[in-house]
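Undergrad: Here the first sequence stands for residues 1 to 814, numbered as in our numbering.
You may find that some hints are simply not true.
List time: in silico BS3-like cross-link candidates among lysine-lysine, alpha-carbon distance up to 30 Å [as the list claims (entries may be wrong)]:
#, residue 1, residue 2
1, 186, 8
2, 8, 72
3, 171, 137
4, 449, 812
5, 668, 364
6, 186, 518
7, 160, 216
8, 6, 86
9, 160, 534
10, 452, 534
11, 137, 216
12, 171, 702
13, 449, 160
14, 380, 160
15, 478, 449
16, 702, 380
Honestly, the hints are just simulated from the structure, not real lab data.
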Amino acid sequence: MALNQKEKEQYWELRDEIRHMILSRLNDEQIISVTAGAGPVLCLAGAGSGKTTAMVYRIFHLLVFGPDYDPKAQPPDSVEAEDLDKLAGWLALPDQEGLSFRDLLTLIGQQGIPMQQILAITFTNKAAQEMRDRLEKLMGIPIQDMWVMTFHSACLRILKRESSQLLDYEKDFSIYDAGDQEQVVKEILRGLKLEDKQHSPRAYMSWISRQKSSLKLPAQNYTPTGNDFDQVAPLIYQRYQQALQRSNAMDFDDLLLQTVRLLKARPEVLAKYQSRFQYIMVDEYQDTNHIQYVFVNLLAQLHRNLCVVGDDDQSIYGFRQADIRNILDFERDFPGAKVIRLEQNYRSTSRILEAANQLVAHNKERKDKTLWTRNQEGDKLYCYKATDDQDEARFVYSRIQQTLAAGGSYGDHAVLLRTNAQSRVIEECFGVYQIPYCLIGGLRFYERKEIKDILAYLKFLSNPDDRVALRRIINVPKRGIGDSTVQRILEYSLQSGQSVYDAMNDREGLALSSRAEKAVSEFLSLIRELNERKTTENVTSLTDSILRRTGYWQELQSDESREGMDRIENLKEFMNKTGDYDQSHAEGSLAEFLGEISLITDMDMVGDEARHNAVQVMTMHMAKGLEFPQVFIIGLEEGIFPHFRSLYNETELEEERRLCYVAMTRAKDKLYMSCAARRSVHGRYQENPPSRFLTEIPDYLKDNFPPKTERSFAAEKKTRMAGIETSWDHWNAAGAAAAAGEPSSGNQITRTDPMGEDKKEAGFRVGDKVVHASWGQGVVVSVKQSGQGLSYQVAFPDKGIRDLLAQYAPLKKL
DNA sequence: TGGCTACCGGTTTTT
DNA sequence: CCGGTAGCCA
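Modelling step: build the complete structure from the supplied sequences, incorporating the hints.
TA: As structure tokens, then:
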């Protein structure tokens, strides 16, 4: 029954009120960007100005009300009189109590943009995840149909969907990470007899990366005239790209480069994505490099509904060829763009904000901008000058303990580092004191040896051209195929133009010694068997077959060392992941699984809950876009931060300063900044003066940390020591009290952890201290139901958070 | 071919 | 401090 006129008017009023109520959560500038509708939009958003909020609401508004809200638009036909009560109910209780987003969509969403026509791009997986979380929370429904992802994931998805049309590549291509790339470059250097200090593989890798990110393809038939880096580099690039193509492999830069090439070469493919993505949003636009710029511009050309968000003060990826002109020239590239400035900061206390503003004002290359806040003044910055890096770590620990005692939770804290290597001391310290922490970034999940091994098997089964994978597995576990034999196979495959797999099959051509030939043919029959299994088995059982049939499993099981046990655990963890994959992808394929996993880091797999129950440790680069009540920035010393590579280069120094600005503006309530007089770097002690960034912040905004803390810390430490079995001898030297002290006051983690109260799943609960057969003591930080049954996320000293399955994991309560 | 020792050198930041 | 590897011997 359609609505009568009176009901219609009621409906219009209700709809308008709902929209109004949603928008009332935003400030005027945010509302302008949220409702800007069609056409190009440039949003210059300062730190903490609610730009993610603006983007999330912009998407939400597009989905529900469409780009061009018409208060008198006809209600959808399906709306009936009693639905008016539902809408009124939603107004009274907007937090999805009475009405889901889906209901809202059917009731008023007729003019909305369909989810699949939206593309939102971020820089890191973490930022993409954050945006997804917020969208899902706001809407109350999963958003699988929307592309919210990094540049690299978006490109990978396009390449996989268009795999029949690729230029220079076949469909099941591999993805090479930095390690794989290095292998390739090394092999090329070996071939050119250029293996010495003058020619570091990494330097060539970054040169090649620079070429690719400015869309430059390798020269054909290039001949160097000398041995200088500049002369050789183009040749290396040419051979490198050939090698990758022969292996049917792409590196990370290729994901973008090959996508752009594809879009340019195949107008019908470009047209498809151009028309699909009606609305495109790009976060952190100041950090796009040339090729990312081209990618976005290609896609946005048709509808021109491109909304970019960024802040020139937060440009920190210059080293990756981020080009700040992309954002500065946006208005030129998209004439008629609406320009919106978000300058009110909602995140930080006014002192934190002022300190950050004062710091970044030392940069010359910037647009002047006035970021302001109505937030409270808050505390001054806590500055601590530690005697050494361990003392600095203990400072962090003792401050965390203090907030915990005051009712805070671990997840409120973030420790921000300049380099990943700085995490070691923090991890050791947190391990000793049983602080659950979450190391974000660091190793990519599959960078552990045993994971790389099993992945290399999978890659080779998926892509018989993959030379790097073959090299890795051909003699692992040992099966008597030595280096010279491997060399022969690789060379012969080049000579004869066959895939490495076919080359191995070509006995006559290879002409190996009889012993080597026997070993190779045994390996081949193994591969053949696994290849057959590939067609019938899912990823998990294929992985299991590989581990059993190669003897890898057996070899590890006979290894009694701690390392061996770790590896077994890691492999089990890996099989959890494959299990999850198999369960959620009924039609999944090995190649798809490999693609998915290669862009994922460790932390993308840790549950939300786990993250919130642990101190977050990460580099400042990873922290961009995130916020925390309490932030520690450590290592503020000349040579560490600013990093020594940038000390004598004004441009790079300014980038370091922006990085510091980014780090400081992550803090909501409290900001701690510390330096150490002495720090161990590569096993040697280094003494660096405090960072200029500390002195650039005026004194009236800083408090030097009271020296009495050291003493109170000693007392505190005394009460905590007992009951902790982890080795902490090396901490003792610098520390105060001896181990003899009364037992710690019970289970302080359960006591202070608010989550511990209501989590009562079978076995363990959040906050329980547990012992793992091979990893020792840890703390349960979350419990969840996974594809494989109940699983625990447990924080271990030195290991960070691991996913463990309740039914298999050798866990005991402490 | 494989295992061992003794050196050397590297060391930003991300996908 | 760590990992990679050159060089040696079984």
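Undergrad: Are the Cα atoms of residue 8 and residue 72 separated by 30 Å or less?
TA: At roughly 9 Å apart (the allowed maximum being 30 Å), residue 72 and residue 8 satisfy the hint.
Undergrad: Between the alpha carbons of residue 186 and residue 8, is the straight-line distance 30 Å or under?
TA: Violated: residue 186 and residue 8 sit about 72 Å apart, past 30 Å.
Undergrad: Within 30 Å, alpha carbon to alpha carbon, are residue 668 and residue 364?
TA: holds, 27 Å
Undergrad: Do the alpha carbons of residue 449 and residue 160 lie within 30 Å of each other, as the hint requires?
TA: The hint holds at about 27 Å.
Undergrad: Has the given pair, residue 380 with residue 160, been kept, meaning a C-alpha gap of at most 30 Å?
TA: violated, 51 Å
Undergrad: Given the hinted pair residue 6 and residue 86, is their alpha-carbon gap at most 30 Å?
TA: holds, 17 Å
Undergrad: Taking 30 Å as the top limit, are the C-alpha atoms of residue 186 and residue 518 close enough?
TA: holds, 29 Å
Undergrad: Does residue 534 lie within 30 Å of residue 452 when you go C-alpha to C-alpha?
TA: Holds, because 19 Å separates the two Cα atoms, which is no more than 30 Å.
Undergrad: Holds or violated: residue 160 with residue 216, Cα cutoff 30 Å?
TA: holds, 23 Å
Undergrad: Between the alpha carbons of residue 137 and residue 216, is the straight-line distance 30 Å or under?
TA: violated, 42 Å
Undergrad: Holds or violated: are the alpha carbons of residue 160 and residue 534 at most 30 Å from each other?
TA: holds, 19 Å
Undergrad: So if I understand the rule, the pair passes when the alpha-carbon distance is 30 Å or less; does residue 171 with residue 702 pass?
TA: violated, 57 Å
Taken one by one, the earlier hints fail for this structure at numbers 1, 3, 11, 12, 14, listed in ascending order.
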